[in-house]
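Whole structure, please, built from the sequences with the hints as guidance.
The numbers in numbering that gives the first Met the number 0 rise by one with no breaks, and the one at position 172 of the sequence shown is 171.
You may find that some hints are simply not true.
Here are the simulated lysine-lysine pairs, BS3-like style, with alpha carbons at most 27 angstroms apart [claimed, not checked]:
id: 1; residue 1: 39; residue 2: 168
id: 2; residue 1: 82; residue 2: 30
id: 3; residue 1: 168; residue 2: 72
id: 4; residue 1: 30; residue 2: 5
id: 5; residue 1: 39; residue 2: 5
id: 6; residue 1: 30; residue 2: 220
id: 7; residue 1: 72; residue 2: 39
id: 8; residue 1: 264; residue 2: 213
id: 9; residue 1: 72; residue 2: 30
id: 10; residue 1: 264; residue 2: 168
id: 11; residue 1: 168; residue 2: 220
Simulated restraints, written as ranges between beta carbons of each label pair [stated by the list, open to error]:
id: 12; residue 1: 205; residue 2: 9; range: 18 to 28 angstroms
id: 13; residue 1: 160; residue 2: 35; range: 20 to 30 angstroms
id: 14; residue 1: 135; residue 2: 299; range: 28 to 38 angstroms
Think of the hints as simulated: they come from the structure by calculation, not from any bench.
Even glycine gets a Cβ: it sits at the ideal position worked out from N, Cα and C.
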Amino acid sequence: MGYNPKPTLQTSINLWHQNTGLWLTEGDEFKDWLGSRNGKPWLSGIPGAGKTVLAGLMIQECLAATQYVGSNKGCCFFFCDYKELESLEEVNILSCLASQLARQSHDAFGIMAAYYKDLNPGNSLPRSPEAAVLIEKLVEMTQCFDQVLLVVDGLQSKVTEYLASPICKAPSTSVALLSRVEEHIRVLLDGTFHHIEIAAQSADVDMYVRAELKQRIQEQKLRIRRPSLEGEIIEALIQGGQGMFLWVSCQMDYLCDFCKEALGKLPPTLNATYERILRNVVPASSHIMQMTLRMVAAAGREISIPQLSDALALR
0 MGYNPKPTLQ TSINLWHQNT GLWLTEGDEF KDWLGSRNGK PWLSGIPGAG
50 KTVLAGLMIQ ECLAATQYVG SNKGCCFFFC DYKELESLEE VNILSCLASQ
100 LARQSHDAFG IMAAYYKDLN PGNSLPRSPE AAVLIEKLVE MTQCFDQVLL
150 VVDGLQSKVT EYLASPICKA PSTSVALLSR VEEHIRVLLD GTFHHIEIAA
200 QSADVDMYVR AELKQRIQEQ KLRIRRPSLE GEIIEALIQG GQGMFLWVSC
250 QMDYLCDFCK EALGKLPPTL NATYERILRN VVPASSHIMQ MTLRMVAAAG
300 REISIPQLSD ALALR
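Dropping the structure here:
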């Protein structure tokens, strides 16, 4: 397994706020998917809408469903993260899913062991796994279970092609996919997956805003002398958030320092929020920030954070 998604799962669990996401995990739609074979929901949302946290909740429910005595259910999951280039490679994603199933069934392990032996013959040089063959092995491994629950977050277009065809057609496999709202993904999944829009769930943002504000007041990171101002802050963040947890979090940080002034100057979008963050970079760090942005712009391809760090160290 070239890439381990377990740390990202733990991060999503740590970021979860109590009672949020219950509209999904306690809803009839999710329960039906969890208990039936070949269900296919696709959850989409704008950046910052909390998709990864919801994916973590779904995965926890899936893992719990496989723990019942006598259960022959399997579970595998993956988080695609644009900050981790390895997590975007098709072979790494498929290898990770296959590796997880192999650890849950003796027969499934035998399938992967045979493929590993084929890739690593004793009398010649080893070969690298191929995405098309891994798909075949995954489909074969799903037949070792009564049901396989598969969850992938941060879906990319190429991986969508793999997951939306052969794996989804496996009769015992229930696949849940989470992604941003992108037209090419919609085209690939339309007609096969049931679409659920995450941004429409404003109740979660309401609970998140109130819980975060209460915590920051208790920790004295935010001081409010006029009681009515707290209500104004809550209303402004809920209305402006439009389903974006990340947007709300950024505004909370800003409000802690400039509460009254900031309340009337909340940027309308996540991009505008990022622009304000860049404008507020302290002078001592502005040179490093400018160099970093130039490197990203000039690279012509995706570069990882470790690569950026190495480049900055050589300046």
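Going down the list of hints, with the structure as the test:
no.	hint	in the structure
1	39 to 168	10 angstroms, holds
2	82 to 30	32 angstroms, violated
3	168 to 72	17 angstroms, holds
4	30 to 5	24 angstroms, holds
5	39 to 5	23 angstroms, holds
6	30 to 220	40 angstroms, violated
7	72 to 39	17 angstroms, holds
8	264 to 213	22 angstroms, holds
9	72 to 30	15 angstroms, holds
10	264 to 168	50 angstroms, violated
11	168 to 220	52 angstroms, violated
12	205 to 9: 18 to 28 angstroms	26 angstroms, holds
13	160 to 35: 20 to 30 angstroms	24 angstroms, holds
14	135 to 299: 28 to 38 angstroms	34 angstroms, holds
In this structure, the hints that do not hold are numbers 2, 6, 10, 11, in rising order.
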